[in-house]
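Each chain is listed here by its residues.
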Amino acid sequence: MTAQADVGYHARQYAPWRWSEPAFWIIAFACAFLFPSRYLIMTEIVRLGLFALSLDLILGYAGIVSLGHAAFFGLGAYSAGLLALHGIINEPVIALVAAGLVAMAVGFLTSFLVIRGADLTRLMVTLGIALLLEALAERFSNITGGTDGLQGIEMQPILGLFAFDMFGRTGLFYSLAVLFLLFLLAWRIVHSPFGLSLRAIKNNPLRAAAIGIPVNKRLIAIYTVSAFYAGIAGALFTQTTALASLDVFSFERSADLMLMLVIGGAGYLYGGLIGAVVFKMLQELFSSITPQYWQFWIGLVLVVMVLVGRARIHRWALFVPNFVIRQVAGRKAVVALSDNEAP
Amino acid sequence: MSIALETRGLDKEFGGFKVTRDLSLQVATGARHALIGPNGAGKTTVINLLTGVLEPSAGRILLEGHDITDLPVHRRVLRGLSRTFQINQLYPDLTPLETIGLAVSERLGGGGNWWRRMGTRDDINTEIAETLSRFRLLDVMNEATANLPYGKQRLLEIAVAIAAKPRVLLLDEPAAGVPEGERKDILAAVAALPRDVTVLLIEHDMDLVFSFADRISVLVAGALLVEGPPDQVARDPQVKAVYLGEAA
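Chains as they are written, first to last, in my numbering: chain Y, 1 to 343; chain G, 1 to 248.
Some hints here could point you the wrong way.
Stated by the list, open to error - For the chain G half of the interface with chain Y, some residues (derived, Cβ under 8 Å), not all of them:
1) 51
2) 57
3) 58
4) 98
Just so you know, the hints here were simulated from the structure itself, not pulled from any lab data. The beta-carbon is built from N, C-alpha and C at its ideal position, and this holds for glycine as well.
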């Protein structure tokens, strides 16, 4: 084998399909068939997974920290709600894409603020943008319904064929299909030269520029894509619950998202999905024990994870998800965020 | 004689303190030019000005006759000006294959492609293979850079700069901190640079400077003191006084 063919072969091996990946998706779709009484919570997990995937694109690959990712989730949610409520776009899939594009446009515009400065600046800017949008949504209550939220949203059948049912069956399969397609797209993106250049920028922006990578342009591009993903997640929220209220912009939503990525690990795409499953399970578990104070336990988990060290926690408490992580992530497994990236 | 890289009256101030003073430097095409000077003479500042990491307070920088003073870092690289760093600036999590691949794809115009899978363009693969084998990195190409021995990392640092196919290469102390046993690999790599690449070497190590350079500029306190061929610079009483004089 010539050195050239060799290099190409090895480069392609950096992005293999592992047996565990089809297995992951088969299990995901199988769950949808196996637990008909749990459609709603599974839909929520899928939505959260997509939302966490969008944060992983900027945090895990490009190293952009954000505490305001709910901004784009909220924009997607309200856009989808308004489109359906006023009958502007009745077909859910087209409305979904349109809502994603609205979030994407705002993502593009605000990216110029976000790429300036270092981590702390970015945390504050992203947080500020989300708070700003929340305040705007409250101020223009004639459009958004204010604290009552959008009410009376009625969803038309998907593609004119599949009507949303009261059990949430259609909603779940619809969400899963959207997640799967967007995951495939994200997979292509992060394993492309563009995706590799993002990891280079995260590793060492100085060197990245010194080999000719237009650092700012790449960061703007991925931030914009990530906003699109978050917008789609928000639109799915509105479409599957027929609700959109101010809390779509809330700080807690952005913070929970960061927590999910910390649990699942960033930088290999499945972290957000696994994190969403674990987070939701923990939330269910804790709220069944103490309905009022489940947040106490979530908070405790976070503190313990950061103090005891995620590596150790992952080895013991999260053995099963960790095992899954190693199967799907393999060599490049970043089981947890490194310490300097902790929120 | 054509000029590959030129500065005209370059000044750099940090809060009123002049680090670079009225520096006018000409590096001839194909030259092996060394920039030397005592600690704190502002050598690294000059590199940062040339590459665009710092913005000059006054003066112009010309690459092959074109004014590049206002171009951002990555644009200068695509114009053919590349550098190595005194302290390795690599990607700890990426492998040499990925590191070189990035530089090659960026130059051949495939770096922003978000749909193509890596390793599927033959022209890029060929160049990666050439560069890796030239710097004897083929056997470690799949190791994370952070796990490579320091000498290999140093070679990779030079290899990345070369992968950008520069017409002008700035070497910032290429042998700095390399253990004696791995030194000869670095020196061989520097000596084997293609003749049509213009090299500006910033160096402390006088053996390396005098074995490599055909022209030397001496920088003292941010200003050009003397410039000439190595034997003339070595004999210059001013240079002896401020620089070599410390040891004599």
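We went through each hint and held it up to the structure:
no. : hint : in the structure
1   : 51   : 7 Å, holds
2   : 57   : 21 Å, violated
3   : 58   : 24 Å, violated
4   : 98   : 6 Å, holds
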